[in-house]
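Number of protein chains: 2
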Amino acid sequence: MAATSLAMADNVEPMPTPPQSDIEEGLVFTPKFDKDGLVTCVATDAATGDVLMVAHMNAQALAKTIETGEAWYFSRSRRALWKKGESSGHVQRVVEMRVDCDQDAVWIKVVQHGAGACHTGRRSCFYRAVKSGKPGEATLEFRDADKAFDPKAVYTQSD
Amino acid sequence: MAATSLAMADNVEPMPTPPQSDIEEGLVFTPKFDKDGLVTCVATDAATGDVLMVAHMNAQALAKTIETGEAWYFSRSRRALWKKGESSGHVQRVVEMRVDCDQDAVWIKVVQHGAGACHTGRRSCFYRAVKSGKPGEATLEFRDADKAFDPKAVYTQSD
Numbered sequence: 002m003a004a005t006s007l008a009m010a011d012n013v014e015p016m017p018t019p020p021q022s023d024i025e026e027g028l029v030f031t032p033k034f035d036k037d038g039l040v041t042c043v044a045t046d047a048a049t050g051d052v053l054m055v056a057h058m059n060a061q062a063l064a065k066t067i068e069t070g071e072a073w074y075f076s077r078s079r080r081a082l083w084k085k086g087e088s089s090g091h092v093q094r095v096v097e098m099r100v101d102c103d104q105d106a107v108w109i110k111v112v113q114h115g116a117g118a119c120h121t122g123r124r125s126c127f128y129r130a131v132k133s134g135k136p137g138e139a140t141l142e143f144r145d146a147d148k149a150f151d152p153k154a155v156y157t158q159s160d
Numbered sequence: 002m003a004a005t006s007l008a009m010a011d012n013v014e015p016m017p018t019p020p021q022s023d024i025e026e027g028l029v030f031t032p033k034f035d036k037d038g039l040v041t042c043v044a045t046d047a048a049t050g051d052v053l054m055v056a057h058m059n060a061q062a063l064a065k066t067i068e069t070g071e072a073w074y075f076s077r078s079r080r081a082l083w084k085k086g087e088s089s090g091h092v093q094r095v096v097e098m099r100v101d102c103d104q105d106a107v108w109i110k111v112v113q114h115g116a117g118a119c120h121t122g123r124r125s126c127f128y129r130a131v132k133s134g135k136p137g138e139a140t141l142e143f144r145d146a147d148k149a150f151d152p153k154a155v156y157t158q159s160d
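Chains A and B supply the protein sequences, listed in that same order.
For the first sequence, position 130 matches number 131 in my numbering, and the numbering has no gaps at all.
For the second sequence, position 78 matches number 79 in my numbering, and the numbering has no gaps at all.
By construction, these hints were calculated from the structure, which means they are not laboratory data.
Quantities reported herein were computed from a predicted structural model and do not represent experimental measurements.
Heads up, none of these hints are tricks.
You can't tell identical chains apart in this list, so a pair holds if it fits in one copy or across any two.
Straight line, CA to CA, 25 Å or less: simulated DSS-like cross-link-like pairs of lysine-lysine:
no.: 1; residue 1: Lys33; residue 2: Lys148
no.: 2; residue 1: Lys84; residue 2: Lys132
no.: 3; residue 1: Lys148; residue 2: Lys132
no.: 4; residue 1: Lys132; residue 2: Lys65
no.: 5; residue 1: Lys65; residue 2: Lys36
no.: 6; residue 1: Lys148; residue 2: Lys84
no.: 7; residue 1: Lys65; residue 2: Lys33
no.: 8; residue 1: Lys84; residue 2: Lys153
no.: 9; residue 1: Lys132; residue 2: Lys33
Between the sequences and the hints, there should be enough to build the whole structure, so can you do that?
Here you go:
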């Protein structure tokens with residue numbers, strides 16, 4: 002069975018880029034990390050299909066997510082690996098992980114433990130709709146924005 | 002009603018960054034473009050909730066999407082604005098657009114016209130699942146990977 006070592010993505014020596022046809026039609030997982038060493042990850046609620054959050058994974062976060070079945074990310078602001086729910090208990094169990102055609106984004110369907118995924122206390126980070134206004138302008142409107150938990154009572158650090 | 006000019010994001014003079022509390026809890030749309038001038042966009046099928054694609058929007062693509070109600074993106078590889086479905090006819094009508102807590106990602110729920118969103122001919126770009134293998138290794142498996150259309154017959158360029 003075709004396989005790739007995720008750990009190798011951290012090596013100084015980069016792996017040769019496979020041909021586009023292999024990336025798109027092959028069964029070898031060759032995540033295409035950007036210049037910061039990251040892929041984009043979309044987490045959706047396995048039950049409702051709602052997008053809970055968009056975050057990033059480096060090779061280590063991706064490997065730990067695959068190995069443990071729980072979501073790990075890489076924080077761009079804190080420059081650190083973090084396990085979702087490490088401080089809050091709001092872990093995400095991964096039901097399925099998919100990769101897109103050019104292998105620079107992954108989609109995980111998760112069971113969100115605890116009340117929510119967003120550090121603001123909402124179920125999802127996407128709690129505001131964008132409405133069109135005058136040309137060149139847009140406004141926001143709260144949608145599904147009720148607080149599911151009190152973030153001050155839950156977080157010791159942002160996760 | 003609070004509003005912001007999307008066009009301003011292209012100005013040489015950057016807008017001052019609002020306080021984090023305004024970004025997260027306010028109703029002013031202040032998209033946080035990255036150093037390449039982009040926000041991440043997740044497009045899901047409004048009917049099924051499936052993630053169709055992950056792409057990027059610059060200020061112009063975002064403004065055109067809001068104004069026209071159809072999805073426009075910015076191609077990082079071609080360094081060009083593009084309307085989804087411009088050559089294939091597979092346009093995406095936006096049912097709802099949402100922005101996330103820190104305003105660096107948008108989620109659009111779309112009605113996907115035509116057979117599919119992916120340039121490989123599938124309905125979704127996420128047609129392969131990542132399976133765990135030996136520690137540090139992972140393999141792919143096709144899921145919902147049937148070709149919905151023949152890309153060679155549809156595309157004059159990648160969209």
